[in-house]
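Peer 1: Sequence:
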Amino acid sequence: MTAIGIVTAIANPALEAVVIRALGEASEDLEVVRRCVEVTDVLAVAASGRARAVVVGDNLAGLDADVVSRIIAHGVVPIALVEPDRAWPAASFFPVVLDATADSAELARQIALAARTGVRVADLPSPATHQQLTQNVGHEPQSARGRVIAIWGPNGAPGRSTVALGLADEVARLEVPALLIDADPYGGSQAAMLGLLDESPGIAAACRAAANGTLDTASLVRLCLQLSPSLRVLTGISRSDRWPELRPSAIEILLEQARSVARVTVVDCGFCIEEDEEITYDTLAPRRNGATTTVLQGADEVLLVTGCDPVSVARGVRAVQALREFSASISVRVIANKVRASVLAGDPSNQLDEAFGRFAGVRVDHLLPMDTKACDAALQRGRTLADVAATSALRRSLGALAQTFVPTADAPRIRRRGHARR
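In terms of the working numbering, the sequence shown opens at residue 1171 and continues consecutively.
Just so you know, the hints here were simulated from the structure itself, not pulled from any lab data. Owing to the predicted nature of the structure, the values given are computational and were not obtained by experimental measurement. Some hints could be false.
[Stated by the list, open to error] Pair by pair, the computed Cβ-Cβ distance ranges are:
1. Q1491 - S1370: 34 to 42 Å
2. H1244 - R1551: 50 to 58 Å
3. Q1396 - E1208: 54 to 62 Å
4. G1365 - G1232: 35 to 43 Å
5. S1370 - D1199: 49 to 57 Å
6. R1494 - E1195: 21 to 29 Å
7. E1208 - D1470: 38 to 46 Å
8. R1412 - I1500: 21 to 29 Å
9. G1552 - R1286: 51 to 59 Å
10. P1254 - R1494: 20 to 28 Å
11. P1183 - G1232: 13 to 21 Å
12. R1533 - P1254: 49 to 57 Å
13. E1426 - H1244: 37 to 45 Å
14. G1552 - S1370: 38 to 46 Å
The beta carbon of each residue, even a glycine, is placed where N, CA and C say it ideally should be.
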């Protein structure tokens, strides 16, 4: 039988000695191929293909969610050794969590089983239950999961941010807790649209906390700005050179926590989903568009926002095709924004349906009329459309779109008055 390669990365010498002795005395054919003291060593050995699992202690410097995801990407099983009486938030990233105080023979057996199968600790026969191991590492009971709606679209300013803000605001006015996240890696605009002088982007702080395993519902709420009784906003990065802070692994954790904060989370995405960086460098290089692709893959539904003029329609059709090539499982709805009869011959609805049906195989789900006056007034005052132009055609259309995401029981009525703001 081929020996199972094991890597250890345990800063605590006493715990490392226990693990090494347990693996050496195990009846399983286990081989410690490397004893690492740094994260870079762990990643190098994982990339070499010599190991099936890496056993990590709680004092390894530089360990975060991104490191764990990179280990998994190499086909290596990361195993966290947790002492039940010590808090270790980063253990929540590991697919396998084991009790460091278990009997040495039992510990070796569990490491071997995890290395062979990659099963979670809940499926392993262990003296300590999964609940006991994770009660001090940031796990919280999950309530009803909220929905995540991604607002995406092609380049050319089709109005993604306007639709995202309007949709989140209208959902909140239906008395449904809503969260707006600005996750555009090329530079967010939601703070500027709302007149918020936010020098410390909320999403950057949330991603740092997520990478360290300290992001929970309470901390996410603290990082958000309370715009109204039912609407919170997590502002984005204002400078495009800060995109490396939006790591895909951290974004994934952020979306999971957002589902506990709000019934409906609206995410304003970047326009680009190309993955050329992986070809240029390597599969583990930082990906500028990783935040966008992670949101699209993790969302319950994607709203593809496109314009209605011939150039925008052509870009929208290609965007639908690109999204299908990226992932065929993504549920997408096409939203035509800035709709006006002046650039189309005949009924805009029929023209757009025909174009998208013929070239993309989809129908246009919703039309949002062009309302320059109302949008300009909202930008000038740093408010939402409902605050400055409650009777505008665009606001009414956004309200109708919002109702499609909210069950009738959760939306007794639409408030027409403005919310009090902080």
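Peer 1: Hint by hint, which ones does this structure get wrong, listed from lowest number up?
Peer 2: Violated hints (numbers, rising): 3, 6, 10, 13 and 14; every other hint is consistent with the structure.
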